[in-house]
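Trainee: Turn these sequences into a full structure, and let the hints guide you.
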Amino acid sequence: MNETQLIENYLFDRLSPEDKLLMDARLLVNNELREKILWQNQSYQLVNQHGRKKLREEIEALSTKIFSEQKFSSLRKKIFQIFNKDL
Amino acid sequence: MIAEQTKLTTREDLFIHLYESAFPKVAGWMHQRGGTLEEAKDIFQDALVIYYEKKTGSGFSPDTGDVQYVNGIARHLWYKKFSENKNQTSLNPHTQLKVVEEEPTISENLLKFVEASGKKCLELLTSFYYDHMNMKDLALKFGFSGERSATAQKYKCLEKVRTAIREKSLNKEDFYE
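Residue numbers (this note's numbering), protein chains in the order written: chain A, 3 to 89; chain B, 94 to 270.
Hints listed in this document are in silico derivations from the structure and should not be mistaken for laboratory results. If you're wondering where the values come from, they're calculated on a predicted model, not measured in any experiment. Where a beta carbon is used, it is the ideal one built from N, C-alpha and C, also for glycine.
Estimated spans, in silico, between C-beta atoms of each pair: (1) B:S151 with A:N4: 24 to 32 Å; (2) A:N32 with B:W122: 52 to 60 Å; (3) B:R126 with A:E34: 49 to 57 Å; (4) A:E37 with B:A209: 19 to 27 Å; (5) A:N11 with B:E208: 20 to 28 Å; (6) A:F82 with B:S151: 30 to 38 Å; (7) B:L263 with A:K73: 45 to 53 Å; (8) A:L30 with B:T103: 46 to 54 Å.
Below, a list of computed lysine to aspartate or glutamate pairs in the DMTMM-like style, where the Cα atoms sit at most 20 Å apart: (9) B:K212 with B:D224; (10) A:K67 with B:E105; (11) A:K79 with B:E113; (12) B:K147 with A:E60; (13) B:K134 with A:E71; (14) B:K253 with A:E34; (15) B:K134 with A:E60; (16) B:K118 with B:D135; (17) A:K80 with B:E113; (18) B:K249 with A:E37; (19) A:K55 with B:E208; (20) B:K249 with A:E5; (21) A:K73 with B:E105; (22) B:K134 with B:E113; (23) A:K67 with B:D135; (24) B:K212 with A:E59; (25) B:K148 with A:E59; (26) A:K38 with A:D26; (27) B:K249 with B:D224; (28) B:K261 with A:E34; (29) B:K261 with A:E37; (30) B:K205 with B:E216; (31) A:K73 with B:D106; (32) B:K253 with A:E37.
Mentor: This is the structure:
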C-alpha cells in the first residue's frame with residue numbers, strides 16, 4: 003500500500019484497528035504526514051466541488067436545450083401553459 | 094413507472110426523463126404558490142444535483158420512484174428557501190450551494206488552478222470519487238489496460254492534486270472562500 007492509499011484508507015476509516023493505531027502513532031511525531039493528510043482531505047473536497055460544478059453546467063446546458071430545441075416543444079408548451087406564457 | 098424501469102444509459106437521458114416526468118408537476122406546484130418559471134427552473138436544477146449525488150453516492154433507490162423523489166426534494170427546497178429568507182425573490186449561487194452542502198468550499202482560484210494544471214487527472218478523480226464509477230468502467234473510459242493500472246493512476250493523480258493544493262495553499266487567503 004503506498005502512502006497516498008494509506009492516507010485514503012485512514013481518512014475513510016478503512017484501516018484495521020492495529021494499522022490505525024500505528025498511523026495515529028506516526029502522526030504524533032511526523033508533521034509532514036499530518037500535513038499530507040490535511041491536503042489530501044482538501045483534494046477530495048476539491049474533486050467533489052469540481053464534479054458538482056460540471057454537473058451544474060451539464061444541467062444548465064440541458065435546461066437551455068429544453069427551452070429552445072424543437073424536439074422538446076411539447077414539454078415546453080406544457081410548462082408555458084402553467085405559467086400562462088406564450089410560446 | 095414503466096419509463097423509470099427502462100435502462101437510461103447516460104446521465105443526460107436520466108435528466109431528460111426527469112424533466113419530462115417531474116418538472117411539469119414541480120412547476121405547477123410552485124406556480125400555485127406564487128413561484129415564477131425562473132424560480133421553478135432554479136429549484137429543479139438544485140433538486141437534480143441532490144438527487145444525482147444521493148443516487149450515485151449511496152446506490153440509493155427511492156421506494157417511491159425517482160420522479161416522486163425529485164418532486165419531494167424540490168418541494169423541500171422550496172420550503173427551505175422561503176423559511177430561510179422570506180424577502181428574497183430569487184436564489185443566489187451561494188444559497189444554492191448551501192442548500193446542497195454545508196461544508197467549507199474550496200476557493201474558485203484554487204479550483205481553477207488545479208483544473209488548469211491537471212485536467213485529465215481531475216476528470217479521472219471526478220469519475221471515481223464524485224460519479225462513483227467502478228474501476229472496470231474507469232479503466233475503459235480512460236484507456237487503461239486494466240483495473241490495476243487505473244487504480245495506480247488514480248493514486249498518482251490524487252498525489253498530484255494534493256501537491257498542487259499544498260503549493261497553492263501556502264498563500265492562505267487563496268484557500269477558502
